[in-house]
Amino acid sequence: MLGNTLRVGLLLGWRQIRYASLWTTALIIFVMMLTFMNLVVVTGILVGLIEGSVKAYRDQYTGDIFISTPAGEEYIKNTNEIISVLPSLPGIAAYTVRSTTGVTVEANYRTRRDPLELRDSVGTRVTSIDPIAEDIVTGLSGFVVEGEYLEPGREGEILIGANLLDQYAPDFGEGFDTLDDVHPGTRVRLSAGGKTKEYIVRGVVNSKVDETSRRIFMVESDFLRFIGRTNLNVNEIAIRVQPAVDPQMVKANLVASGLGRQAVIRLSREGLPQALEDIIATFAFLGNLISSIGLVVASITIFIVVFVNAITRRKYIGILKGIGISPLAIELSYVFQSVVYAVIGSAIAVVIIYGALVPWFLAHPLDFPFSDGILVAPVGGTVIRLVILMFSTIIAGYVPAWLIIKKNTLDSILGR
Amino acid sequence: MIEVTDLTKNYTTGPVVTKVLQGINLFVPSGEFLSIMGKSGAGKSTLLYQMSLLDLPSSGRIIIDGVNTADFSDKARMNFRLNRLGYVFQDYALLPELSAVENVIVPLLMQGLNKVDAYARSIEALDAVGLAHRHDNRPSQLSGGEQQRVSISRAIAQKPDILFADEPTANLDSTSGQAVIEVMNKLHAERGQTIVMVTHELEYAREADRIIYLEDGQISGEEKQSAANH
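Going down the list, the sequences are from chains A and B. With the first letter of the first sequence counted as 1, position 408 gets the number 408 in the working numbering; the numbers rise by one all the way through. Count along the second sequence from 1, add 1000, and you get the number used in the working numbering.
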């Protein structure tokens, strides 16, 4: 009996769709498409604001896997042991090592005449890099906005983060100390551990990742000489894994190699502060909240369309019931129509989202002050939203049909 | 076979109770072609709706082929209508988005026939009313008379025990009306189809075996037709 009901429901529903007004059908599908895009894109962009920041943090600073100094240690002991193991581990595409220490950087000291005048100085961290390896892993050279990138073997030169410079202050806020009038070619003094040395600014790096734009970079030989470190141990190792390789697997191999005893080994994401994860969750919640309004509007649209359709066909509904067609079959015909509208609308939306919007946002991220916003649309989340939309559509299609169909058969036939 | 005993039907609007049918007693043997006539408001369509289980009487009994229909649940009434009764409505009542053959097929699929058998039986039913060649046409592409004949073919395709027709010629010109009546006559003559038809046209009513006249909700007269009239 249920099979007969289903067959009749599908036949009635399909024929109604085929002979419905093309414009009306197109409009309903358009609404469903917008609704589904709203469900995916609003949340995707809100989450993408933070995910863009997380992605930038990974791409420009930590790599896929980040090895750092354990708490209480000055550096990663036996760094050479780690570095000697890395090339033999499968899945690693590249890595870069960094040493870092706190410094005070001072500018305009040559023009300072009054000893009582405040020094033009800021506190920051200086980081040693291998310019070539660093560029492969983090693309640091791409963030040089003034001057030039460091070159291996050229000493006495530094890259300085834009957030340390006054001329870039409007971009990130006025609350931090900055250096005045520092450009490529300017001489600055770095002081750490009672030692002071003068360097020439070779370039300015600017990025939305603080670890890039609030640091000073110099080549490793300069760094070792400056701080007087006599060993080759470092503070950070950023590892980039090969495409399609699961970083978790590489991390597991690193830990299994026993390297976890002398350093902290984390995936990029594991190093995120809890607050950032909370913000992502909050934005996702807000996105879902906003999207749900769209879902309600779409459900009401479907409800109205089906209700109007059913009420204008009330006489035919009565006749169908009169000749023995089960109410469920008639209800199914309206549910089927609603589902077809939702499926077509969602399918178009999926094509637009994954075929156009996601690639477009990756190529042209939204320029926010603290991140480059991308569109985050994981397939799992999209499938869940599709199920939610279908469920809402089924309810929105069923209820008005049920309201009309439950009316007295003879009253429906006679239109009273 | 239909036995109607002490059938009443009242409509209540506020304090006003309108007695549309008042103690109808009627017996329709299997194979009879019965016409119900009467003036407008006499209650003839209301009687048809009660007999065809489209409406519930206020009191009285309707027994069809020995089954007391008062005991039916809504679902049982629906199934009984689907499998035992056929309907022809005044305004054809065809679904506009379905072709002629699809209009006929729908109740057959509901009865459980597979698509091939349902299609074959539908074409056969359309052929019986002379419209097999128009099976792909939608109602809007058919004349009123043709639509009514499709409506009849939908009813007979279900192989009903009783065919109920509510003023089937009311919206038709005389030629089309005559064609519809001829189809019903043929069904009655060739298949022994039991038919209960409401009409206000005496000319068509006289095609039946018997005419009953309703007046103010009561049977006021009866007229049997001789074979010579047919």
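Some clues are possibly wrong.
Below, a list of computed lysine to any residue pairs in the SDA-like style, where the Cα atoms sit at most 20 Å apart [stated by the list, open to error]:
1) A:Lys315 - B:Leu1098
2) A:Lys407 - B:Ser1176
3) A:Lys407 - B:Leu1056
4) B:Lys1115 - A:Asn4
5) B:Lys1019 - A:Lys315
Derived coverage of chain B by chain A (criterion: at least 3 residues anywhere in the stretch with Cβ under 8 Å from a Cβ of chain A; other residues may be distant) [what the hints assert, rightly or not]:
6) 1168-1178
7) 1193-1205
Calculated from the structure, these hints are not laboratory results. Note that the coordinates shown come from a computational prediction; the quantities given were computed from them, not determined experimentally. Each residue gets a CB set at the ideal place from its N, CA and C atoms; glycine is no exception.
Practice task
With a cut-off of 20 Å on the C-alpha distance, tell me whether Lys1019 (chain B) and Lys315 (chain A) pass.
Solution key: Not satisfied, since the Cα-Cα distance of roughly 25 Å exceeds 20 Å.
Problem - Given pair status - Asn4 (chain A), Lys1115 (chain B), alpha carbons within 20 Å - result: holds (10 Å)
Handout entry: Straight-line alpha-carbon gap Lys315 (chain A) to Leu1098 (chain B), limit 20 Å
Key = holds (15 Å)
Exercise for the section: Count residues of the segment 1193-1205 of chain B with a Cβ under 8 Å from any Cβ of chain A, then say if the count reaches three. Expected result: violated (count 0)
Problem - chain A covers the segment 1168-1178 of chain B, three or more CB atoms within 8 Å, holds or violated - result: The restraint on the segment 1168-1178 of chain B is violated, since only 0 of its residues have a Cβ under 8 Å from chain A and three are required.
Exercise for the section: With a cut-off of 20 Å on the C-alpha distance, tell me whether Lys407 (chain A) and Ser1176 (chain B) pass. Expected result: violated (33 Å)
Handout entry: Pair hint Lys407 (chain A) and Leu1056 (chain B), alpha-carbon separation not exceeding 20 Å
Key = Distance of about 14 Å is within 20 Å: holds.
When held up to the earlier numbered hints, the structure conflicts with 2, 5, 6, 7 and fits the remainder.
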